[in-house]
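Those sequence lines, one after another, are chains V and W. End of the first sequence sits at 410 in this note's numbering; the numbers just go up one at a time, nothing left out. End of the second sequence sits at 391 in this note's numbering; the numbers just go up one at a time, nothing left out.
For the record, the hints were derived by calculation from the structure and aren't laboratory data. Treat the hints with care, since some could be wrong.
As the list claims (entries may be wrong) - Each computed DSS-like pair below joins lysine-lysine, with the alpha-carbon atoms no more than 27 Å apart:
(1) V:Lys200 - W:Lys147
(2) W:Lys295 - V:Lys200
(3) W:Lys247 - W:Lys295
(4) V:Lys200 - W:Lys146
(5) W:Lys238 - V:Lys198
(6) V:Lys198 - W:Lys199
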Amino acid sequence: MIDLLLPTVSQGLLWSLMALGVYLTYRVLDIADLTVEGTFPLGAAVAAEMLIKGFNPVVAIFVAGIAGALAGIVTGLLHTKLKIPALLAGILTMIALYSVNLRVMGKANLSLLRVDTAFTFVKNMGLTNTMSVLVVGIISTLFFSLLIYWFFGTEIGAAIRATGFNPQMIRAQGVNTNFTIVLGLLLSNALVAISGAFIAQSNGFADVGMGVGTIVIGLASVIIGEVLFGTRSFKNSLISVVLGSVTYRIVIAVVLQMGMPPNDLKLFTAVLVALALAMPMFKGKIKARKVAE
Amino acid sequence: MLRIENVSKTFFPGSVNEKKALDNISLHMVPGDFVTVIGSNGAGKSTILNSIAGVFPIDSGKIIIDATDISKMPEHKRAKYIGRVFQDPMLGTAAGMMIEENLAIAARRGKTPGFSWAIKEEERQAFREMLRELDLGLEDRLTARVGLLSGGQRQALTLLMATMQQPKLLLLDEHTAALDPKTADKVLKLTRSIISRHHLTTLMITHNMRDALRFGNRLIMMNAGHIVVDVEGMEKDRLTIPDLLALFEKAAGAALDNDRVLLG
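The shape of chain V in the complex, shown without the other chains (with noise of 0.2 Å):
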């Protein structure tokens, strides 16, 4: 059981990092982006080429992070530059990056089995396999997590909470909300592209399908997250969101303990997201129906 558990937790803290970069639009900015579909795999593919190349892995996430904010800098240009529909600006740029990352990689997959990875930096201090993406997970997502709390904790970052709550009241306080939205959409994709690199390095390959369902496993850690653990506070939000990630993990794996196919995953989860979004309109017509009564 632990033999299962302890890998399953260590996939939901890389995971997080991108439940964290969809909670910061879907939630914070109150848009649904869609170039996480594209960055995810990104990040994968930058870290990858770099890490092949020889460079040092904290280097390789880094740049992949780079990479995933210009990408969400572009969406986000579309979005209050040109005025397209935030969905679509995500679409146009997730499509775009699908053509980037066969470049950025020079072929559909790079594995990385015999190259120099963040885990078997942390291998080489004398931990298991198992231990070392635990630690690495713990870690970057400690990380991450206290520096998004450090950042929505400053005037610009609730400058971009209040853009999400009421894009009139902030401009009206003076604030541009085209440089909130593109910078919020900078620090969501900069996150999942770093995720990206994260499941790379663990997967042991980059893959350009790999981004395939993203916006639905991160909304799904998002709701899963906020309907078990709350939403009391920013802080209270952010520690729901990765735990929502690992308990994702953990119903995913469970389900396939259970003996569902693999291939059903992915329809698996929409449906789960389906039920999370409809929540709402269930509880209303449940309570409508007591009061009626």
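Fit chain W to the known structure of chain V by using the hints.
What follows is chain W alone, placed relative to chain V:
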């Protein structure tokens, strides 16, 4: 102070819905002026406020605040000079953020946000004092989300936010229209006390004739994109509601047509 010179604005030009909202309007306000604005449906009352605030660009003319031409400035840059309260109580505050977070944003109105903390500890005490003066029991609820407040509380908070960094011009767009009469009266009295304490230059749209007469030192009436009546001082003080209706009819050539206007 505020000079609006020959400003025109047409919505949906060239389409069947074309609407000339402001037709070559000019208005000068001196420092300390408190102008109330009333008018018929679609007279251009909100358009003039939104033009000043920069919600949309004007077609022609100039808007000048204290020798600064703001006609082409984007909305967020004008915020340095202008405090605003909207008709919809939801619009002035960020519902999902705490009272203190909203106040802290307002305390930095017009400044570029940086990397220092969004709220400083010493600010909390000042916020508490300001909220106590509102007398709405908000002083002990600094960390409550604004979405939990009533419409009246939110408008009072928005008013505080619009004025805590003293604006050169305060724009009030029927800010009590969505409130019940008792709350509306309380918010209006609060408005008056804040305006007179800080000697704020104010433009207030209202749909209530009595309020238009009761508040401010100057009153303008609008019709079809024009200012048709402009009275101030003693002349305004002597006016009654029937006088006002008669003035409007004489100037506009038609009876005041506003399905929301309150005469009493």
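- Of the hints given before, which are not true for this structure? Result: hint 2 breaks, nothing else.
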